[in-house]
Each structure stands twice: as structure tokens, then as C-alpha cells.
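Here the protein sequences line up with chains A, B and C, keeping their order. The first sequence: position 39 = 39 (this note's numbering), numbered continuously. In short: position in the second sequence from 1, add 1000, done, that's this note's numbering. In short: position in the third sequence from 1, add 2000, done, that's this note's numbering.
Source of the hints: derived by calculation from the structure; they are not laboratory data. All C-beta atoms, glycine included, are put in the ideal place defined by N, C-alpha and C. Some clues are possibly wrong.
[Said to hold, decoys possible] With a straight-line Cα cutoff of 20 Å, these simulated SDA-like cross-link-like pairs (lysine to any residue) come out: (1) A/Lys156 <-> B/Gly1189; (2) B/Lys1219 <-> C/Val2161; (3) A/Lys156 <-> A/Asp121; (4) A/Lys132 <-> A/Arg70; (5) A/Lys53 <-> C/Thr2122; (6) B/Lys1085 <-> A/Ala21; (7) A/Lys145 <-> B/Ala1061; (8) A/Lys145 <-> B/Ala1125; (9) A/Lys132 <-> A/Asp105; (10) B/Lys1085 <-> A/Gly31; (11) A/Lys53 <-> B/Ile1119; (12) A/Lys145 <-> B/Lys1085.
[Unchecked claim] Heads up, incomplete: computed chain B residues facing chain C, CB under 10 Å, no partners named: (13) Leu1054; (14) Ala1055; (15) Ser1095; (16) Glu1109; (17) Val1131; (18) Cys1134; (19) Met1164; (20) Trp1192; (21) Leu1208.
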Amino acid sequence: MTDGDAHTVTAPPPEPNVAPARLLVVLGAAGALAGLLLVLAYGLTLPTIEANKARALQEAVREVLKAPERYDTLYVVNGALAASPPAAADPRRIEQVYLGYGPNDRRIGFAIVAEDAGFQDVVRLIFGYDPKTRQLLGIKVLESKETPGLGDKIEKDTTFVGQFDGARPPLVGVKKGKRTNPSQVDMITGATISSRAVIRIVNRALERLGPLVEAYP
Amino acid sequence: MRHEISPADLHCGAHGAAAPPRPGHAAPAREDLLRGIWRENPVLVQLLGLCPTLAVTNSVANSLAMGLATFFVLLGSSLLVSTFKRVIPGEVRISSYILIIATFVTVAEMLLQALAPDIHKALGAFVALIVVNCIILGRQEAFASRQPVGRAALDAIGMGGGFMIALLLMGGIREVLGSGTFLGVSLFGPRWEPWVIMILPPGGFFTLAFLLLAIGWWKRPRAA
Amino acid sequence: MGDLVWIFFSAMVVNNFTLMLFLGLCPFLGVSGRVETALRMGAANIFVLVLTAVWVWALNTFILVYAPYLRLISFIIVIASLVQIVEMVIKKVSPVLFRQLGIFLPLITTNCAILGLAIFQTIRGYGFLEGLAFAIGAGAGLTLALVLMASIRESVELADVPAVAQGTALVLIIAGSLSLAFMGFAGLLSSS
Chain A
1 MTDGDAHTVT APPPEPNVAP ARLLVVLGAA GALAGLLLVL AYGLTLPTIE
51 ANKARALQEA VREVLKAPER YDTLYVVNGA LAASPPAAAD PRRIEQVYLG
101 YGPNDRRIGF AIVAEDAGFQ DVVRLIFGYD PKTRQLLGIK VLESKETPGL
151 GDKIEKDTTF VGQFDGARPP LVGVKKGKRT NPSQVDMITG ATISSRAVIR
201 IVNRALERLG PLVEAYP
Chain B
1001 MRHEISPADL HCGAHGAAAP PRPGHAAPAR EDLLRGIWRE NPVLVQLLGL
1051 CPTLAVTNSV ANSLAMGLAT FFVLLGSSLL VSTFKRVIPG EVRISSYILI
1101 IATFVTVAEM LLQALAPDIH KALGAFVALI VVNCIILGRQ EAFASRQPVG
1151 RAALDAIGMG GGFMIALLLM GGIREVLGSG TFLGVSLFGP RWEPWVIMIL
1201 PPGGFFTLAF LLLAIGWWKR PRAA
Chain C
2001 MGDLVWIFFS AMVVNNFTLM LFLGLCPFLG VSGRVETALR MGAANIFVLV
2051 LTAVWVWALN TFILVYAPYL RLISFIIVIA SLVQIVEMVI KKVSPVLFRQ
2101 LGIFLPLITT NCAILGLAIF QTIRGYGFLE GLAFAIGAGA GLTLALVLMA
2151 SIRESVELAD VPAVAQGTAL VLIIAGSLSL AFMGFAGLLS SS
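Next comes chain A alone, as it looks inside the complex (with noise of 0.2 Å):
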């Protein structure tokens, strides 16, 4: 039986000796041992992932407060810095800063992650600010993938990052050697829009930030 086109209407022929039945009970078959194998691995790999992520967190809050005792994290929730998450929300969504302790529960300062647009593709940053003396801690880049040996100086040119222990934000940028006061940074020769966006970063945080680490009891 056909129609006008000229294509036969009757269902395709059967593949000899393969039931339809087959093919199901053949992907289920290997859709669950994949499952579980992935199940399995998962479980097994997981703690250590977790730990991982956890110990490079610790690492980068360490450098830029400058060897605190302990920290604790906090949490941003409606317009202010909470000690622990909304019941129901997972806690990996909520933004964090984390909070750091000297000896004696002395509170060294905050450090804040941020992240914006740099050269290449997007910089991202953990930074201290110690709110009572209105000073940046410290800087340090986390992610960028800004151009080998010209915008990747603001990760690995120790001059350029150590001007942020003590500076005053907001930061404004000058041409290198121009630096005359402490809300002053150096930019990199041949870096300008990389060293830019780090000060940018930086500044935007603490507009958004500076207030509720202030008002942090």
C-alpha cells in the first residue's frame, strides 16, 4: 500500500532475531552496571575530592589573613553576615566570607572571595580586609587565565601582589612607580587591564561587603 509519494506505509521490516524486548533488557542491563559503577566510584572518590577543595580553601584564607589561628565561615543571607546558613538552602550556594581568629580570639580580619572580567577571561580572588583599621590583609588570585608573562604577573609578580598587605581600599591604579600613598597600586607594565580588573574586583567587593563586615558584631 502506498501514498502519493511513493514511500511504502507499512512499518519497517523487523531486524531478523532481535526482539524489541532485547534491546531494552540489553541498555538496561548496561545502564545499571554503569550506574553502579559510577555509584561506587563516586563514594569512593568523594571524601577525598571533598577534602581537597576543603584543604585549598584553608590554604588560600590562610595566605591572605596572614596565619590565622582558625576561622570561621560566615554566611551572606539578606543583606547580612549570619554565622550559619538558612535551614533549608544548601550552604555551597549561599555566598561566604570567612572570618579569622589570632591568639587570644584576637579577630584578625575577613576574607572575601570575589570574581570579574579580566584580559582573557574571568579573575577570580580571595583578598583580607581587616574592617577596624580599614586595610587590605592580602591578595591572591585563585583562577585567571590572563596572558603568560604579561597578565599572569598579577599571580606571580610578588612585588605587585605585595602591595596589597596595607593598602587602603578603594584602590585607585597608577602607572608603576608612581605610588606615592597607601590606596595607590602599581600597575604592571604591559598589564594595564589585567591590573586593573584586580583593583576593580577588589573595590566592587567592598562596596558590596565592606558594610556588612563592618556591621559583623
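Given chain A's structure and the hints, the job is docking chains B and C onto it.
For chains B and C alone, coordinates are given in the frame of chain A:
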């Protein structure tokens, strides 16, 4: 999938010199192993799997890691596909292969993330992209699904080894010229100005072009 | 990055999928010197990319939260199914288009670009609109790279190329030059 226009047939085997094994020709085991290393090298001869070859070879360490991960996936998939080749019906073979490969890749990624988080971060999305690496799917379709387990294993080792060699060649050239280091060890001292372009994307293209040119020149038909 | 315009242009030129991220190389290196074919290939890619972005967002938001280890498998199933469905739809709706385009569609399944988009979208945690901007930008970038390569090859076919360099080596050198040119777009989107 109803009509199996095998992506592997159309695409993964489409460009390149991969000759399917002649039926009935009992190749010695050695040939199965060595085929992938030079004569039918998946990258340099068959021109497959170019995405990771260009993307992660900006350092020898990354090349090594990617080569090992791909090797693991290729060997595991080939073993499984060859073992179950009679059980998998033709209609669903591509789907089954992809399922097997995807499982191995996920496991490889989890292992890498747990054991070497820095390298996992450097390789980024490309570990997961092993799943669409034509080398793997191509070998399942062309070889592992038609050959006994032993031969499939040897073929996988050969192809995986050939891939690793190509990656290390690329990685070596790019890291030495582009960073002045090998495996992170500085070779030329602090005053060497590296050719940064080599570790940037254009450098990947140019390095592979150079390798192919070198091979083409070496293989050129010589005047009698 | 929440800025949609930034995401679009970043995916299209600054971090072009083919020339900077090395995704979608197989069709790129194999594209003939016919600009029209390249445009069609690009169009098919954009279509599949956008659909993929939507599905990936849905998967990430609603399902994969509970089973992150199934991410890769579910992505690849979605992509393969999408390509099959698109093929069937085009075949029914416009057999002419299918004849011109159909050969490319199975290639898209094993194309790194689609899966690459899914993975990047996940890693960067894009929302719905951001994912769309990303997909359209990536597709536009792919099309741009394909068309550029096709038009250059059109001219190169008439040139006198040494036998040793003919074929893929030459294409790679052209690609490297294009990539070098595209590096000039870096800094285009910085807001300071």
C-alpha cells in the same frame, strides 16, 4: 537509536588512514600492538582526537595526564566491548559503546580529581571530552567489536600508546619553547625569553602543523 | 559573569570555541572551500547548541543536583537524542534542507563543541539566559571560524602549495594564523 548512521563510520573513521583489519588475516600479536604506535598513529596519521591534542599539550605534565586518562578509558572500553560483543545487538551498539565510554570517563575524572586536583583543574573540561574523542569510539566500532578480547586489548594499548607519544611530542616542544621548562624544571635559566606563543592557542596549531610537515617530508616519495 | 553581552561576545570572539578553545575542530579542519556549506554547518550547530543549552540548564537545575556522577552520561544522551530528533524534524519539515544539511547532523554528536558547551556551562554555573547567550555566542563564533576557514581555503586552492604541506598541515597553519588574529580580541570586553 532507530537508524544507526554510525557517527563512527561517517566521522570518526572518515578522515585518516585507519584500515580495518582484513578478515581472516591472522596478524601477529606484535602487529596489533605496534600498529597504533606509528603506522596508524591515531593523531599523526589518522588525524583523530585533535581537540585534546591541541588543547592540553601546553605542558608535558598535562600531556602525560591526558594520555594516561585516555589510555585508561580506551583500554577499559575495548575490553568491555570485546567481551560483550555478542550480547550487544547491532541496533544499540553505538549507544552501548557511548554508555560504556562515558562511564569510564566519569570514573577517570573522579579519580583524577581525587588524586591530582591541580592537574584536573589544568585539564579542565577536556577530561570529560575524552568521551567524544573519536579515537575511542572509532576503535570500538572498527576493531574491538569484531575481535577477540586479547587482540582488542593489544590494539587499545597500541593506540593509547601512540596517542600518548603524540601528546608528549607536542607537549615537549610547546613547553620547552614556550616556558623554557620541561616538567616544570627550568632548562635555560632566568634570562631565556620564552616563545610565549607556543603555550597559547596559535602555538598548538603551529606545532601540530610542524609535526605533520616533518612526517610528510620524511615520508615523501623519493625520486628513483 | 552575569553580563549577557559579555558572555555572548566572549564566547563568540574573545574565547572563540574553535580558534581559542579547540572545540569543534573536526568539522573545522574538514570543511571544504565552500562558504555556503560552512554557513549551513554553522547554522546546524547554532540550532543544536541552543537546544542543548536549554536542556543542560534543566538537567543541572532539577535533576543532576541529586546525582552529579550521572552528569556526563545524561549530557551525552541528551545531545545524541537532540541530534536524532532534529534530524527527524528537518527530514519531515523540509526534505530539501535535509538533503543539504543532513550529512552534517550525525557529525554533531561527536563534535566536541556541543559537549564542550554543556560542560563549560555547568562549570561556570550559568543560569537560563546566560546559557542561551553562551550558546548563541558560541555558535556564532563557530560559524565565523568555519566561514573564515572556508573562504581562505577557496583562495588557497588556487595557490602553489608545496606537496609536503598540502592537506591538514596547511589547514593547521591557516588555523594558527586565524587564532593569532583572534587573540587580538582579548581586552575587547574589559570594562575599565
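Enumerated hints in conflict with the structure, sorted upward: Per hint list: 12, 19 and 20 violated.
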